[in-house]
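For reference, the chains in residue letters:
There are 2 protein chains.
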Amino acid sequence: MYSVLEKGGVCSPKGFTASGICAGIKASGNADMALLKSEKAARCFSVFTTNKVKAAPVLYDKAVLEHAHRASAVIVNSGNANACTGEQGYADAERMAILTESALNLTPKSVLVCSTGVIGHLMPMEKIEAGIPKLVEKLHAEASEEFGRAILTTDLALKSLAVEITTSKGTVTIGGACKGSGMIHPNMATMLAFITTDVELPIDFFAEFRANIADSFNAITVDGDTSTNDTCFLLANGMSGVSYDDMSLSEQGEFRAALMIVMKELAKDIVRDGEGATKLIELCIEKAESHEEALKMARFIGTSNLAKCAMFGEDPNWGRILSSAGSSGCNMVAEHTDLFFGDVQVLAGGRPVDCDREKLLAVVRQREYKVTLVLNIGFASASAFTCDLSYDYVKINAEYTT
Amino acid sequence: MYSVLEKGGVCSPKGFTASGICAGIKASGNADMALLKSEKAARCFSVFTTNKVKAAPVLYDKAVLEHAHRASAVIVNSGNANACTGEQGYADAERMAILTESALNLTPKSVLVCSTGVIGHLMPMEKIEAGIPKLVEKLHAEASEEFGRAILTTDLALKSLAVEITTSKGTVTIGGACKGSGMIHPNMATMLAFITTDVELPIDFFAEFRANIADSFNAITVDGDTSTNDTCFLLANGMSGVSYDDMSLSEQGEFRAALMIVMKELAKDIVRDGEGATKLIELCIEKAESHEEALKMARFIGTSNLAKCAMFGEDPNWGRILSSAGSSGCNMVAEHTDLFFGDVQVLAGGRPVDCDREKLLAVVRQREYKVTLVLNIGFASASAFTCDLSYDYVKINAEYTT
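Protein sequence lines correspond, in order, to chains C and E. Using numbering that gives the first Met the number 0, read the first sequence as starting at 0 and increasing by one per residue. Using numbering that gives the first Met the number 0, read the second sequence as starting at 0 and increasing by one per residue.
A few of these clues could be false.
Since the list gives no way to pick one copy over another, a pair counts as held whenever it fits inside one copy or between any two copies.
Calculated cross-link-like contacts (lysine to any residue; reagent style SDA-like; alpha-carbon spacing at most 25 Å) [unchecked claim]: (1) Lys394 - Glu367; (2) Lys168 - Leu103; (3) Lys267 - Arg366; (4) Lys6 - Lys286; (5) Lys133 - Gly328; (6) Lys51 - Gly377.
I should point out that these hints are in silico values taken from the structure, not numbers from a laboratory. Source: prediction; values computed, not measured.
Modelling step: build the complete structure from the supplied sequences, incorporating the hints.
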């Protein structure tokens, strides 16, 4: 069993410290540089954007992690994505890492770099260089929120969480923080996520991590675009003294479930904070031919502007959901499908059923609800999480300027 | 050479008559039933929605056209899509055809049916039955606009066009009308299109028709959804006395080019009339590996909400276009790409170039402009047409109710 820690975050697991400062990269004057450090070099699992256009820090980190799967720190900035910045951009990302390594007295290739913000501008390296020693000086163990805030861009809310699991070998902790609001979509879109744990994890845990990503950060969608900078790190420093390999099978299962909770809740926080979002909707596809098809269909519906506008309008528009499912390219037979808003059934065998209209409207007026499409052609299911499409989404994205 | 006919439309080619009436299907009181008739049975080429959820009239027409590739008339209604209406819906679609055949003294299976409007409601058959004799009575040869207006739903503008081509065998004409504003996307999304010609066309002309569809109606995108009812018919009645097979090769080329013009202009009219649209943007991908990849990438960018909001905000946001191209799944190398807004170059080799900001802003402030992304990895190119995403798109789609 796990328990959620109050004000938990990346610093909750043993041996992690962090800091956040205003380096003046953002015109707004909000915090825009952050540092996360592990006392002992941590095993690092990573997943990066699949976008063909990759930002300099993504290219740098991939190169570093190709050889060593360990990292001692991550230096992060918001306000500038260091994307489409060519060779100078790559040199700048590398320099951020080297300066941090030097300030922390670490060996080469032990610091990773993440950037998020506007594309196409060279990094303001003077500000970055001035910021690094300040971040190092400020490192402390109660900095989960400080770190979480400094990585935000158009986000409105801090996304930070930690859970504790008691095992027969001792207590272990999983923490996390992430950023992302617009451009959120399967495949790590404009999202930075940092998961920390004091468990020692074996290298083949990567398969578990990847599978968790599919049903958490890759199961959410705000607007269907993927970005140049998306990165998710899982840092495991083993400082609880508990090794995953030494856990019992049931304890391993509990640890994996707790990790999934942290990743999924952080992912859902991103959707809740989607640009202009007023609602979080879980789209659940049941009795599909395969988990892959179910997830693909759920994500496809989650990007339908028509469905998302109907959610904003609090209209239980099953026609748009069914039509979107039908154009997802996944297998389905209209005449076999059932559809539910919350627990109110609106379609049976592809035909509308008489339902209690007031009860139905009560469902779609909630801030969070679930839509379940039962395909009745197989045994697999999957969920995706999306938000509605509001006037404010357009406003934020029409007024944000390059 | 072709010339555009004033007030041209589906009735411009010889032997076609049409009509449109208010049958009371729409609450608005606007025209909602239409009839198109050819004096002689016409060869009929058809392309239907690829959505797995197909409306009853689509299923009916597919069944009819599987055996005979000819049709004498098309009965159309707006206001009700006759989709997700089960067996009763199919019986209603068939009944619409049979009643029209009977009122026109035609043989069975010679009338096709199209419906567009809300999903999931049974057809108001009393209104339909009362409307059919009125439509038959009103049939006349100057009815292009009347027909074009009666097929509209949330459309604001009539979409009707005809061109005339002079050949050594005589003058031939191509006319057309279409409807569609929201839910417009590649693969025939919520769109009805009727193309007429008095040329006699061979049955293998279907390949030409299909290829034209790819670069016209399937190259446009308003919101990325495909619908249950999309249909495009090309009716060729041969009443000009000119046969395609008798034309010279260059005349055939002129005919095909003119048909492409009619289809492409009607398709662009749909984008111009996209829900809440204030701009028409041509997204042109050049020097791609293949036409298919170029078209796929152009269409993918055309559905990016981030790119479309930036267009609405008149922001030449090349970052969103490049990032969207990168997440299209098509081959590209960021460092090789050049990007132009109109004729102003903003990226060279994946890096921003200094350009005249005023000239650039003048481009994106136009109602219609072209964005060209040059990939420099091959020799193929393709264009897609999209509109911007405005407050009004959200308003229309949040307030439209089931």
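Taking the hints in turn, this is what the structure says about them:
Proximity of Lys394 to Glu367 under the C-alpha cut-off of 25 Å is found in both arrangements, the shortest distances being 23 Å within a copy and 21 Å between copies. Proximity of Lys168 to Leu103 under the C-alpha cut-off of 25 Å is found in neither arrangement, the shortest distances being 32 Å within a copy and 86 Å between copies. For the homomeric pair Lys267 and Arg366, the shortest alpha-carbon distance inside one copy (13 Å) is at most 25 Å, but the shortest distance between copies (38 Å) is not. Taking identical chains as interchangeable, the C-alpha atoms of Lys6 and Lys286 are never at most 25 Å apart, the minima being 38 Å within one chain and 53 Å between chains.
Taking the shortest Cα distances, Lys133 and Gly328 never come within 25 Å of each other, neither inside one copy (52 Å) nor across copies (41 Å). For a Cα distance limit of 25 Å, the shortest separation of Lys51 from Gly377 across copies, 17 Å, qualifies, whereas the shortest one inside one copy, 34 Å, does not.
When held up to the earlier numbered hints, the structure conflicts with 2, 4, 5 and fits the remainder.
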